[in-house]
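Order-wise, the sequence lines are chains A and B.
In our numbering, each residue's number is its place in the first sequence (first place is 1) plus 1.
In our numbering, each residue's number is its place in the second sequence (first place is 1) plus 10.
Treat the hints loosely; a few may be bogus.
[Claimed, not checked] The list that follows gives simulated cross-link-like pairs (lysine-lysine, DSS-like), each with its CA atoms no further than 27 Å apart:
hint, chain 1, residue 1, chain 2, residue 2
1, A, Lys86, B, Lys17
2, B, Lys56, B, Lys166
3, B, Lys130, A, Lys86
4, B, Lys130, B, Lys100
5, A, Lys90, B, Lys209
6, B, Lys17, B, Lys84
7, B, Lys251, A, Lys90
Worth flagging that the hints you see were computed from the coordinates, not collected in a lab.
Note that the structure is a prediction, hence the values are computed from the model and not measured.
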Amino acid sequence: MRESTLWFWHIIAGAVILVLLGLHMTVMHLDDIIGLYADTTAWETVIARSQQGFFMVTYILLLGAALYHGLYGFRSILFELSLGKGCQKAINWLFLIGGLLLFIYGAYVAIAVYSMKEVVL
Amino acid sequence: MSDAPKKVIFEVLRYNPGVDARPRMQSYEVPAPKGLTVLDGLLWIKENLDPTLSWRSSCRMGVCGSCAMFINGKPRLACANQVAHLGGGKVVVKPLPNYDIIRDLVPDLEPFFAKHAAIKPFLIRKNVEELENPSGEFFQSREELINYIQFAYCIKCGACLAACPTVATDASFLGPQALAQAWRYTSDSRDEGAAERGKEVFTAHGAFRCHFAGACSDVCPKGVDPAFAIQLMKQFMFREKLGGCKEKHGTEVAPPVENWTPREGIPKPPDHSV
């Protein structure tokens, strides 16, 4: 994939993070103002939130954006170490496979909690 | 009271790779009359104290860009900086950082010019025939000229690469000079080579490696602001990806001016040579 495409999605992911992290901060820290939940960090509240389709989707989106943005940034730092072509290729594959595995695992957790019929508290 | 000019100490890096194991600093005492530039001081040393001292210089008026050196901790033109304006005390002169040293204050600028050449610093047109055998001048309005003229002031002194923290860690990074020149030509209304130039610029060691430290713009003796040019280049690419940029067509050949009368006293232009 051309570097410009990778960088383009890096910027898009940054914008997505800005919005979703803003949403996260609002939900978690401005509860006194918006008054959505009685206790934002209580176990029951966390599970209840995770079982809403909106939050499940935003969790997965935030996970994907944060993983991509972070891994691309880390890759950029490593590439500045004047590594050889082979090393750069290895880093590309390592980050691609590692990132995909982390995304699949994280997305699985979000979907699994969302799909649970009954949660034992 | 004596009229003799006060003296200033020049501490100069000396290094002859064929002879010296490592660079060393050498001190010289130089008379410093009012207006003495660092280049004047070096010339005085060469003429009066040490003819073996080496550096590059040519125009002595901040135009050719040959005499960029690391003066008192900052890349500057030796000809455009007066000793009196360097804060007094010692004048410490070293070759530009981020380059190999050929000898004393002479940096190896080969990689610098190779990077400059890589971004195709010339107008690229689809109609090669018109470029090779021009029938006239490509039209350019005043506004179109203003759009890029700041970036055309680059004198290729190499100071920006010497200041760049990314070049310091990544020798393959194209660097602020080449990237700024890429934008200079890409933003030229007569150019049609954005895609071709982009292949060199938008790589893992191209525009995306710029951290926007802004050191290049800080040291540029001509006010080119390469850091700004790189951001404009990135913005251009981003808009292109979003589909916001139409394919650019270079301006056409300007039609010949007909039925005009020169003002009184203005000589007629020479006939076309091509």
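| task | Kindly indicate which numbered hints from before are broken by the structure, ordering the numbers from low to high. | result | 1 and 4
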